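Chains as they are written, first to last, in full-length UniProt numbering: chain F, 1 to 102; chain Y, 1 to 102.
Don't take each hint at face value.
No more than 16 Å apart at the CA atoms, straight line, and that leaves these computed lysine to aspartate or glutamate pairs for EDC-like [claimed, not checked]:
id: 1; chain 1: F; residue 1: Lys63; chain 2: Y; residue 2: Glu94
id: 2; chain 1: Y; residue 1: Lys92; chain 2: F; residue 2: Asp80
id: 3; chain 1: F; residue 1: Lys87; chain 2: Y; residue 2: Asp41
I should point out that these hints are in silico values taken from the structure, not numbers from a laboratory. The model shown is predicted, which means the values in this text are computed figures rather than measured ones.
2 protein chains.
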Amino acid sequence: MHNLELYAVIFTSIRTNQNDGYSDMADRMVELAKQQPGFIDVESARNEIGITVSYWESLDAIKAWKQNTEHLFAQRKGRDVWYESYKVRIAKVEREYSFGKL
Amino acid sequence: MHNLELYAVIFTSIRTNQNDGYSDMADRMVELAKQQPGFIDVESARNEIGITVSYWESLDAIKAWKQNTEHLFAQRKGRDVWYESYKVRIAKVEREYSFGKL
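Based on the sequences and whatever the hints tell you, model everything.
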């Protein structure tokens, strides 16, 4: 347990079959998110669906990231080209525990 | 947005290379979770890491699921055999929005 607040953005998505720069964008968004104030961590996995969970220090940090200009462009292109559908859930982490060295 | 409370259990894991019934167990845990009171949904993806997010109506529902006998057995075997490491984060969903039909 920790005293800092921790928020998770759970991004669940189904891709179209159009690539058109998708993986470059995905890499770039991770790189860009890491530069944002309040960014803590990000984890991703994809097979039938994709799940990306990013962790942030505050709701304000999440809001600022959502409004980042380059990210806004990616969000727009995501809806137009890359994603069939997606869902975003913003959640406040209340407890956490772990096993091993993850 | 909805009035019901919604909690997410974010389970992030790195597998060992031992299978020994892993995918049967994973299928069985989804089937069993769906029968639990307060279960809402579950989504999974895995490549380098695995991320499973399950959604529940309350912290009590999550606690009951964690203590389910068959699930306890799977958790034990998970630490002994299937997982190199894992992290569990329990979070309260504060807002959600979606695009398309996911």
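Do the hints match the structure? See the list:
A threshold of 16 Å between alpha carbons decides the hint, and for Lys63/F with Glu94/Y the separation of about 13 Å falls inside it, so the pair holds. In summary, the hint linking Lys92/Y to Asp80/F is not supported, as the alpha carbons are separated by about 30 Å, beyond the 16 Å threshold. Proposed proximity of Lys87/F and Asp41/Y is supported: the alpha carbons are some 13 Å apart, at most 16 Å.
Violated hint for the displayed structure: number 2, the only one.
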